[in-house]
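Could you slot chain B onto chain A? The hints should help.
Taken in order, these protein sequences are the chains called A and B.
Under the numbering used here, think of the first position of the first sequence as 208, with each following residue one higher.
Under the numbering used here, think of the first position of the second sequence as 208, with each following residue one higher.
Just so you know, not all the hints are guaranteed correct.
If several chains are the same, the list does not tell them apart, and a pair holds so long as it fits within one copy or across any two.
Restricting the straight-line Cα-Cα distance to at most 30 angstroms, the calculated cross-link-like pairs of lysine-lysine (DSS-like) are [said to hold, decoys possible]: (1) 411 to 301; (2) 446 to 334; (3) 285 to 519; (4) 362 to 378; (5) 210 to 285; (6) 519 to 422; (7) 301 to 436; (8) 301 to 285; (9) 301 to 286; (10) 285 to 475.
Keep in mind that the hints were calculated from the coordinates and are not lab data.
Predicted, not measured: the structure shown is a model, and the values here were computed from it.
Protein chains: 2
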Amino acid sequence: MAKIINLSQIREVIEKLDPIMAIEEGFVAYSKGRVVVPPVGELIFNDPPGDAHIKYGYIINDDYYLIKIASGFYENVKKGLPPNAGLMLLFNQKTGELVCILLDEGFLTNVRTAAAGAVAAKYMAPKMVHRIGIFGAGTQGKLQLEYLNSIINCKDVIVWGVNQEELDAYKANMEPRGYVVETTFEANDIASTCNLIVTATPTKTALLNADQIRKGTHITAMGSDTPEKNELDPAILQKADIVIADSISQCLERGEIYQAIKAGVLKKQQIVELGNVIAQKDLQRSSDEQISVVDLTGVAVQDIQIAKAVYKSIFFNF
Amino acid sequence: MAKIINLSQIREVIEKLDPIMAIEEGFVAYSKGRVVVPPVGELIFNDPPGDAHIKYGYIINDDYYLIKIASGFYENVKKGLPPNAGLMLLFNQKTGELVCILLDEGFLTNVRTAAAGAVAAKYMAPKMVHRIGIFGAGTQGKLQLEYLNSIINCKDVIVWGVNQEELDAYKANMEPRGYVVETTFEANDIASTCNLIVTATPTKTALLNADQIRKGTHITAMGSDTPEKNELDPAILQKADIVIADSISQCLERGEIYQAIKAGVLKKQQIVELGNVIAQKDLQRSSDEQISVVDLTGVAVQDIQIAKAVYKSIFFNF
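Here chain A stands alone, though its shape is the one from the complex:
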């Protein structure tokens, strides 16, 4: 009989869990070609407008396979319901048996995305981060900072947002966790003072331009996951010494790398893949003067890894 785990159980276990290593392993397996991820299944609804996406896949010779269902119904907000819903289903790869239903309501997608930001910083941030800059004061902007905690020993933070209310909430939320948080509406306040920058916004017009980016800056751009969204001026990727994709094939179709290639300032051969960067030291930063960009668009292997980590932690104290 399959186990069923609800959101409060997942939230409880995730506090004790460090998903960063699981996500790292997933990226390495992905870049080694050991992950099978068929095209995403999609259902589109018109009245009211909504969509559901089915992502599924497995690591070859692993114990499990995963199916994740996520939906977005933006008119839910009017009804007092969250716009996003979702769950993950973990199956035995050797027998097909359903192992576990994770009723995470989309929470684990947020966690695995934040954990990927921490992986990017672990391998690509300069040795001494003196200030962290976060674009986006929403859920992901908060989680990115939270998951950097175990990787980056810096408590000086500046956050950029679109209204004072969300910025105040961000500050109120993060300062009790030991951070000193400044808030701003000016992108340059971040570019001119931070050497680790995370962009976590849904913007379609670039937040930063190339002139603002100083030597020794690392940027993790994780807001753009469609062909339309765009957080960084393509010239930033042109200026960067190292440009990293979570998935090269996916980043050729969406995200910052897609924008830079479309603009003609970046070539496919210049891109390296995050799983290879983790595995090969010579692909990592060779000096603290370099500018690096990691473009995160979200890969199904992250879902596979986070679901397994939660399941094992709950049932095997693993």
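Chain B alone, transformed into the frame defined by chain A:
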């Protein structure tokens, strides 16, 4: 919070439920173009060999959408496990919320397939069925007869199988339900005495040829759901007065109709779709002398309808 229904609850409610009307409505909606069913998602495993299929879809403006997961791992039998596993997930089409998880382990797929056989007989069997012939003494061979019970008032049955043991088991299983069951290894014993024939086998070589089929015979062929499987000599479809597909687009790619078209003895324009036959009296049998064939390959709308029927019956006594 989503409801979770396990197999024993499903078995209990299905006894009280008549899914035939639900399946009929589904076929009509399908033939009217009101059903959205994207291509099936597939995962293939090599060690041990296995596969998982993800079928999903919805009826436009209905209350729900469905995702069904089914797997086959044939080496499970060696481990004392069933080879097939599966579940269905019912979601709210207006909000994306997960409504119900049906842990049916593939059982509802068997039921919806048997119910489709009953729908075929309801609209296409001759007025007076004097004997029912079943090819295949397995689970589906039994269920087909069970679901004919409410539609066809005939208790005289002959069943064809591949070994005496399964035939004896079939007889022992069905006679206490009021049937008189003869068993045979000779296809012609069925063709020469029955005017309602159901084929429910996985054979790749035809069970029946055209010369054997007498006037006034109806055949429901439901065993073939791949391009390779084939239960009826293509000449039977050539000889038939009416040839019906559960889904024309699907039957052009698999099943008996696919075989007959490939053999050059049937044209696409000669095929009618089951949902249209249900809705339009002029497409149904016009005399008891006609030969008719219904080719069932399995359509996702059947899954949608059976899942909804079980859910509503359990939670709304509907």
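Taking the hints in turn, this is what the structure says about them:
In the homo-oligomer, the alpha carbons of residue 411 and residue 301 lie at most 30 angstroms apart only across protomers (28 angstroms), although the nearest pairing inside one protomer, at 43 angstroms, exceeds that limit. For the identical chains of this complex, residue 446 and residue 334 are intra-copy neighbours only, at 20 angstroms inside a copy versus 80 angstroms across copies, given an alpha-carbon limit of 30 angstroms. With identical chains, the CA atoms of residue 285 and residue 519 are at most 30 angstroms apart between copies only, with a shortest distance of 27 angstroms across copies and 38 angstroms within one. Taking the shortest Cα distances, residue 362 and residue 378 sit within 30 angstroms of each other inside one copy (12 angstroms), while across copies they are farther apart (77 angstroms).
Taking the shortest alpha-carbon separations for residue 210 and residue 285, only the inter-copy value of 24 angstroms comes in at or below 30 angstroms, while the best intra-copy value is 34 angstroms. With identical chains, the CA atoms of residue 519 and residue 422 are never at most 30 angstroms apart, being 42 angstroms at best within one copy and 63 angstroms at best between copies. In this homomeric assembly, residue 301 and residue 436 come within 30 angstroms of each other (Cα to Cα) only across copies, at 26 angstroms, whereas the closest approach inside a single copy is 39 angstroms. Taking the shortest alpha-carbon separations for residue 301 and residue 285, only the inter-copy value of 12 angstroms comes in at or below 30 angstroms, while the best intra-copy value is 44 angstroms.
For the homomeric pair residue 301 and residue 286, the shortest alpha-carbon distance between copies (11 angstroms) is at most 30 angstroms, but the shortest distance inside one copy (43 angstroms) is not. In the homo-oligomer, the alpha carbons of residue 285 and residue 475 never lie at most 30 angstroms apart, since the shortest distance is 43 angstroms inside one protomer and 48 angstroms across protomers.
Violated hints, in rising order: 6, 10; the structure is consistent with all others.
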